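Turn these sequences into a full structure, and let the hints steer you where they fit.
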Amino acid sequence: MDLFWIFAAISGLGLVGYAMQILAIRRHLGGQENRQGGGAAHPDPDSSASLEFTDPISVLKPLKGLDDNLFDNLESFCLQDYPLYEIIFSLQDRNDPAHKVAAKVQERHPDRDISIVVEDCQIGLNPKVNNLLAAYRRAKHPYILISDSNVRVGPDYLRAIIEPMRNPAVGLVSNPIRGMGGRTLGAIFENLHLNSFIMGSVCFLDRFLRMPCVVGKSMLMRRIDLEAAGGLFAVRDVLAEDYVLGRKIHSMGLKVVLSEYPIDNVNHYWGVRRFINRHTRWGKMRWRIGGFRYLFELISNSVFVSWLPLLFWGPTGSTVAFAGGVSVLKMAGDYFLARRISARIPFWHFLLSPLKDVFVGILWFAPLLSRSVTWRGNRFRIGPDSLLTPWRERPAENAFAWTAWFSKRTTVSGRP
Amino acid sequence: MLLCDFHIHTTHSDGSVDLPRVIDLFGQAGFDVIAITDHVVDGDNAIGKLGRFLRLSVTEKKFGDYMERLRREAQRAWDKYGMLVLPGVEISKNYISSDRSAHLLLLDLKTFVPASWDYERIFLEAKRQDALVVACHPHHQSDPTSKDTLFLWNNRERYARYIDAWEIANRDDIFNVISLKKYPYIAGSDFHKTRHLYSWKTLLDCERNVKDVKRCIRDNRGVAITLFRN
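If you're matching them up, the sequences are chains Z and R in order. Position 379 (the first sequence) corresponds to 372 in our numbering; numbering is contiguous. Position 129 (the second sequence) corresponds to 131 in our numbering; numbering is contiguous.
Note that these hints are calculated values from the structure, not bench results. One or more hints might be untrue.
Claimed, not checked - Examples of chain Z residues toward chain R, derived with CB under 7 Å:
(1) 58
(2) 94
(3) 97
(4) 99
(5) 275
(6) 288
Model, not experiment: these values are computed from the prediction. Built from N, CA and C at the ideal position, the CB exists for glycine as well.
Structure representation (structure tokens):
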């Protein structure tokens, strides 16, 4: 039973870590959680100083396929209370179903400066960067906001995100993500994970470890800084273009800031397969970037660790009580956190939180077994710092290569 | 071109998605025109009686409420998404034999039409109401869970003149016989579940209003079909 106590200690550490993540989120979004709309926090509208800093922004939105809530997501950018900005929807294929939605949004907001660019640029392996390039070339304002198609924001978002740029020492501003909705198991898992692990980690790294942490769903930069960092060309072949851009801007002596304004990621109809695909991809990215620090993710998954004794010793009074107790604590933490960040998620979704954590614990091992990632229909090999190379099957690097080798040997030896 | 789906079920019959969510699902995906076509089953036979018992059918009693909800949601769809919603039903005459079974979409319907009426009477009533008549999944389907409805195709010489369009494609199936006969056509998803959003659709080259949409389908000019994929 000594091993049991080791699991208990690791699980306890994980819970302490989670408590610190909750604290980090509370401090980061402190006092703003009851605000309604797309974001929980924004500058005081009565402050004349905050109203004055509204330099023109080019919002670049790379589109591919239909995201849940795509129409609302895109339209939320047309409803900004901001004096001068442009929106550029960027696609690589006119037959993409998102083109129709973008055209409808444009049609409904003739008063806004909206353009749709369709161009199949191929400067590298990162499909998002390829998609962005045409929009970037067309952007005319000094601030560039790269915003994913699956986020919805409140009308004060642009004012809030540009606010830190008042300080010339700030080079990049991004936002924490808040998961909303959920009508399928995959979507429920996704929202639970975004609101606990992802948001918690981002706020924890930013608040306590002072590490520049960039969330690529929303990144604001000065065009001049982006150019100095090498522009989009510099990140054409990496998977984590957000992280690399943040690091480049940080290395230029500029600050990378996490805004207090959370943006909504509405997920209704995700399948479990999509959840697996995204989080193995993100896991592989973190493993290739963070190295041994990736181990802490497993340790911090207190629910997964607490369920391991059940696996090893079967359901006894102590193993069941241990797994159950940790699961209930984690569920309570997730619920509390969701309330704090005003994520409108039905109560019963939180009952699935332990199952999600166990699932995520299993997915944690995927990056150790495989270096291939599939993103937007393309398969790549991921290297150090998330550098991408085209995927070619090389059995020697495949974790399951021994099965092919074994099969070949037995086939040959079985011949008459 | 208008992106259209004229064959959609909700929880008013055997669909799994309720009407407001259907509107949002199609609206968020950029559709221009959709028709809600819940089943009206023939209550005179055993299969129809079972359908009614299981509340898988719009009945005459519930039709007023059905239309009122459709009207409200159609207004919301127009205001929010600029999407036109046509009220409709799928007249479902189900028998054990596929050769006797038939399903008919009546689009832009105003008053209730019972499925127990004979075909001529249904067609004439639809014409009186200026509703479009579409023969749906008229030939053999590939989905083993779907029962074929072949009556209208088998009796096409008699009934084709009443039918404004035939479904040349339904969800994942294509019925090439419609093309060979050069009959007027549209395509629809036969939407019951969210995943059915990705299926065959109709494209219409006309203005986004009820009159033009109906005329475009009847004239069958400026009509195309597309396989809607994400």
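Now the hints, each set against the structure:
1. A cut of 7 Å between beta carbons decides the hint on residue 58(Z): the least distance to chain R is about 5 Å, and the hint holds.
2. Restraint check, residue 94(Z) versus chain R: the minimum CB separation of about 4 Å is within 7 Å; hint holds.
3. Hint status for residue 97(Z): holds, given a least beta-carbon distance of 5 Å to chain R, under 7 Å.
4. Taking 7 Å as the C-beta cut-off, the interface hint given for residue 99(Z) is violated, the closest approach to chain R being about 11 Å.
5. At its closest, the beta carbon of residue 275(Z) sits 21 Å from a beta carbon of chain R; the interface hint therefore is violated under the 7 Å criterion.
6. Hint on residue 288(Z) is violated. Least Cβ distance to chain R is approximately 36 Å, over the 7 Å limit.
Against the hints set out earlier in the document, violations occur for numbers 4, 5 and 6.
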